[in-house]
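**Q** Residue numbers (the numbering used here), protein chains in the order written: chain A, 147 to 259; chain B, 492 to 606.
If you're looking for bench data, these hints aren't it; they were derived computationally from the structure. Hints may contain errors.
Stated by the list, open to error - Here are some of the chain B residues that sit facing chain A, going by a computed Cβ distance under 7 angstroms:
# : residue
1 : 498
2 : 523
3 : 531
4 : 534
5 : 538
6 : 593
7 : 599
The beta carbon of each residue, even a glycine, is placed where N, CA and C say it ideally should be.
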Amino acid sequence: AQTVTQSQPEMSVQEAETVTLSCTYDTSENNYYLFWYKQPPSRQMILVIRQEAYKQQNATENRFSVNFQKAAKSFSLKISDSQLGDTAMYFCAFGNTGNQFYFGTGTSLTVIP
Amino acid sequence: SQTIHQWPATLVQPVGSPLSLECTVEGTSNPNLYWYRQAAGRGLQLLFYSVGIGQISSEVPQNLSASRPQDRQFILSSKKLLLSDSGFYLCAWSVRSQGTYYEQYFGPGTRLTVT
Chain A
147 AQTVTQSQPE MSVQEAETVT LSCTYDTSEN NYYLFWYKQP PSRQMILVIR
197 QEAYKQQNAT ENRFSVNFQK AAKSFSLKIS DSQLGDTAMY FCAFGNTGNQ
247 FYFGTGTSLT VIP
Chain B
492 SQTIHQWPAT LVQPVGSPLS LECTVEGTSN PNLYWYRQAA GRGLQLLFYS
542 VGIGQISSEV PQNLSASRPQ DRQFILSSKK LLLSDSGFYL CAWSVRSQGT
592 YYEQYFGPGT RLTVT
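Extracted from the complex, chain A is given alone in its bound form (with noise of 0.2 angstroms):
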């Protein structure tokens, strides 16, 4: 079976400033996809960014990056600039071609002004 693991049960920012969130996940699959998920306080659950596993780059989308690194089976996200409306619960999640999702327990990350 799949696990996520988000170590960080909460952490803070400086508005401005960066925060790297960390992810591992454990899994005896190759051929999977990883993602990073937002929760804000309303509670809708918003994609943030996607990385393939067979992709050695790692993914970027604006202020939003990750660092994959495959053999550590690790998967933390960036966030540069942070911004207030940055503030929310972010789940860090595992994808397998078999259509099934396994998702981390969730960091709670506010940015302070």
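Use these hints to put chain B onto chain A, whose structure you have.
**A** What follows is chain B alone, placed relative to chain A:
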């Protein structure tokens, strides 16, 4: 564009009462559909997923059940609710993107309180 609807948005039900939560997707065909539960301050627990009409896979044995009577409709049910069924229920759909992988999109959720 695709949209996903869930209702009701909030629900308060007594222990032992039945439950029916509905999820519908617009703008796509033959989606994979999922039900998740999120307990307070916790992550997402996959309850059921479906790859087609009448095809349901259960991830966690419990007093909940799911059905998919139509291609874009997914229903979560219970005959008798337990206190432990309280939580935030999310419906999601996934689609193959760029021919290589799936990604999930979520509905607005239903907050269920069992009293």
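**Q** Look at each hint and say if it fits the structure.
**A** Cross-check of the supplied hints:
1. 498: 15 angstroms, violated
2. 523: Where the cut-off is 7 angstroms and the nearest Cβ of chain A is about 5 angstroms from residue 523 of chain B, the hint holds.
3. 531: 11 angstroms, violated
4. 534: 4 angstroms, holds
5. 538: Cβ of residue 538 of chain B sits 12 angstroms from chain A, so the hint is violated.
6. 593: For residue 593 of chain B, the interface hint holds, since the closest Cβ of chain A sits about 6 angstroms away, which is under 7 angstroms.
7. 599: 6 angstroms, holds
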